[in-house]
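Listed here are the chains, written in short residue letters.
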Amino acid sequence: MCARNSLYTNIKPCKHLADYKLRCGFNGYNSLQNCLKTTPNGRSRVDKHDTTIPRCSFCNGYQGRLYICLMCSSISCSSHILLHTQSENGHEVALDIDRSELYCCLCCDQVYDPDFDKVVVSKQVRDLPGGKSNGFEVCSGRSSKRRRIDSGIELDLKKSKQLISMRDRRAKSCYPLGLRGLNNLGSTCFMNSVLQALLHAPPLRNYFLSDRHNRDQCRKRSGEKLCLLCDIDAISSAMFSGDRTPYSPAQFLFSWWQHSSNLASYEEQDAHEFFISVLDGIHEKESKVRNSSKDDGDCQCIAHRAFSGLLRSDVTCITCGFTSTTYDPCIDISLDWEANNFSSSNVANKPIKTDEKMGLSTLSGCLNLFTRAERLGSDQKLYCQNCQELRDSSKQLSIRRLPLVLCLHIKRFEHSLVRKMSRKIDQYLQFPFSLDMTPYLSSSIVRSRFGNRLFAFEYDNSDSSAEYEIFAMIAHSGMLESGHYVTYLRLKNQWYKCDDAWISEVDEGTVRASQCYMLFYVQKMLYYKSNEDLSCMRISPRRDPCVSTAGCC
Amino acid sequence: MKHSVNRPPTPDAADDRGKEPTLQEIINIKLIESGEKERLMELLRERLMECGWKDEMKALCRAYIKKKGRNNVTVDDLVHLITPKGRASIPDSVKAELLQRIRSFLVSATL
Numbered sequence: 001m002c003a004r005n006s007l008y009t010n011i012k013p014c015k016h017l018a019d020y021k022l023r024c025g026f027n028g029y030n031s032l033q034n035c036l037k038t039t040p041n042g043r044s045r046v047d048k049h050d051t052t053i054p055r056c057s058f059c060n061g062y063q064g065r066l067y068i069c070l071m072c073s074s075i076s077c078s079s080h081i082l083l084h085t086q087s088e089n090g091h092e093v094a095l096d097i098d099r100s101e102l103y104c105c106l107c108c109d110q111v112y113d114p115d116f117d118k119v120v121v122s123k124q125v126r127d128l129p130g131g132k133s134n135g136f137e138v139c140s141g142r143s144s145k146r147r148r149i150d151s152g153i154e155l156d157l158k159k160s161k162q163l164i165s166m167r168d169r170r171a172k173s174c175y176p177l178g179l180r181g182l183n184n185l186g187s188t189c190f191m192n193s194v195l196q197a198l199l200h201a202p203p204l205r206n207y208f209l210s211d212r213h214n215r216d217q218c219r220k221r222s223g224e225k226l227c228l229l230c231d232i233d234a235i236s237s238a239m240f241s242g243d244r245t246p247y248s249p250a251q252f253l254f255s256w257w258q259h260s261s262n263l264a265s266y267e268e269q270d271a272h273e274f275f276i277s278v279l280d281g282i283h284e285k286e287s288k289v290r291n292s293s294k295d296d297g298d299c300q301c302i303a304h305r306a307f308s309g310l311l312r313s314d315v316t317c318i319t320c321g322f323t324s325t326t327y328d329p330c331i332d333i334s335l336d337w338e339a340n341n342f343s344s345s346n347v348a349n350k351p352i353k354t355d356e357k358m359g360l361s362t363l364s365g366c367l368n369l370f371t372r373a374e375r376l377g378s379d380q381k382l383y384c385q386n387c388q389e390l391r392d393s394s395k396q397l398s399i400r401r402l403p404l405v406l407c408l409h410i411k412r413f414e415h416s417l418v419r420k421m422s423r424k425i426d427q428y429l430q431f432p433f434s435l436d437m438t439p440y441l442s443s444s445i446v447r448s449r450f451g452n453r454l455f456a457f458e459y460d461n462s463d464s465s466a467e468y469e470i471f472a473m474i475a476h477s478g479m480l481e482s483g484h485y486v487t488y489l490r491l492k493n494q495w496y497k498c499d500d501a502w503i504s505e506v507d508e509g510t511v512r513a514s515q516c517y518m519l520f521y522v523q524k525m526l527y528y529k530s531n532e533d534l535s536c537m538r539i540s541p542r543r544d545p546c547v548s549t550a551g552c553c
Numbered sequence: 001m002k003h004s005v006n007r008p009p010t011p012d013a014a015d016d017r018g019k020e021p022t023l024q025e026i027i028n029i030k031l032i033e034s035g036e037k038e039r040l041m042e043l044l045r046e047r048l049m050e051c052g053w054k055d056e057m058k059a060l061c062r063a064y065i066k067k068k069g070r071n072n073v074t075v076d077d078l079v080h081l082i083t084p085k086g087r088a089s090i091p092d093s094v095k096a097e098l099l100q101r102i103r104s105f106l107v108s109a110t111l
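Chains U and G are the protein sequences, given in the same order. Residue numbers for the first sequence follow the UniProt record's numbering, beginning at 1 and rising by one. Residue numbers for the second sequence follow the UniProt record's numbering, beginning at 1 and rising by one.
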């Protein structure tokens, strides 16, 4: 039994559709199923194998929307469909011929029936070459490997509460715990900005605060002097110590130079590149320690537990519709810039300058672009197993499994090999504080290929782990070669600007107005949980920490 | 009865059956039979999505639904709303490309 997502099956049928179903059950649906023809891209239309094209029985027109009556199979166009209902009693439900969608003639509106959609989708699946293995996982009773929120935090939260229970009396400011400036050691703002974001990512913050990486044990175990995790742990302790004077992460910088020697210099580096290299360094160390060569999907190092997700890539043959699917792990998503250059002034042939970009670019636009089906050029023909030759194909990405912490990288830096120059896209990108990733999940993308259907797929993530809250944003200002990175952190719904050594409170407007370069979102439940922990700390007169229980605040 | 913006100017159905099919009809039938119409529709969908036309229409529909209320809108309303605007805002490049495709199809069909 497939788990049904209530969002897709709770639409009430109109009175007329309900009547029809009582009278005729599934007979009409099933007999129509044989007339459904599926095109390679997943559209379903009614094709009665006649030699003539369908025409309206009233006006003989063949253009526009044509509907076929479910009772008598007569065809009418949208202007005359009402006439048909009036002339025949009980003929209220019809089907749009081109789209295979139900239409109620009396309500004059499209209606939905999950049972009908099931009939349509099963025909579509049957028609696609390759059958069940065609990039579409039918309910097969396989248990879905859903990443549970708990798995990232089997961490001992009790310990972390004890660690930060004593409020530091030295702290003069009322800033929350963990906010501390980082000194710039020579164009290291790229490093400082990423460190601020990483250290405040709830899974990582909890990991270090619970002493999951003990520096003494680590040194004894591996014997190596260099461990990126130890250095990050040292920074984390320094950040949460309560001392507000700016800290110099020199030891970490040195370790990182050793790890990524190709990037070791005093030049400005790219923050995203640094981010990847740090996570890589953490993972390397972990896999050395555990002697495991598990692939990224199952790796239990803190970097992967927090950031690792799974991307699904579907390549579809344009000619026959055969889809081959591959899954690749990812630790972040790099988004191309969505140039929203369509606006109403395109209407009526007004000439537009080619370098003028009108309209607002948004994060959802970039995500839409990321998951859009892209037709690969004719020079990139791929081998289709069904056709047994090279064919034009289209490729579509979607997210099979979301990570606990979602890092979105906005590709603002364009490097053109042809013109041998690089440039930065300075435009403003609008982004939300609360992000719902449901439309970009594989289940949503695959579902949309079958049109407007109410159909539940096996791996519907019905637990709301697709909702995210932003907790950090790295902004870039200035030019490509000589810019400056700054991190904005969101703690307990208050934004703070971390500009190297200077921490300040800022309002939402400032954050929104900045040029975001990397956005860090965490699953909503983790965000609220982590904010709770810190705020529920009280010190009673006897100096015993008051451990919060659920619902006490 | 509502005027459908798609309604072609047609005489009575009874008269029509005896008449010769018009050139437009012949072309349309040829396009459908050869499967070219399906391909052209796919191409058109792709182009309109790429240039943002689809998103623009979606936004129009959303705004209308927001104004009227979700339960007071039918598909027919939306079709009538966006058809004139949609037809007017198709980029010239898309029109040109499709015309070119139809022309080359006609040339190859008569050979």
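It is worth saying that the hints were derived from the structure and are not from the lab. Glycine is no exception: its CB is placed at the ideal position from the N, C-alpha and C atoms. Be aware that one or more of the hints could be misleading.
Some, not all, of what chain U presents toward chain G, calculated at C-beta under 10 Å [claimed, not checked]:
1) R45
2) K48
3) E101
4) S260
5) V315
6) I318
7) G365
Evaluation of the provided hints:
no. : hint : verdict
1   : R45  : 9 Å, holds
2   : K48  : 13 Å, violated
3   : E101 : 9 Å, holds
4   : S260 : 39 Å, violated
5   : V315 : 16 Å, violated
6   : I318 : 8 Å, holds
7   : G365 : 8 Å, holds
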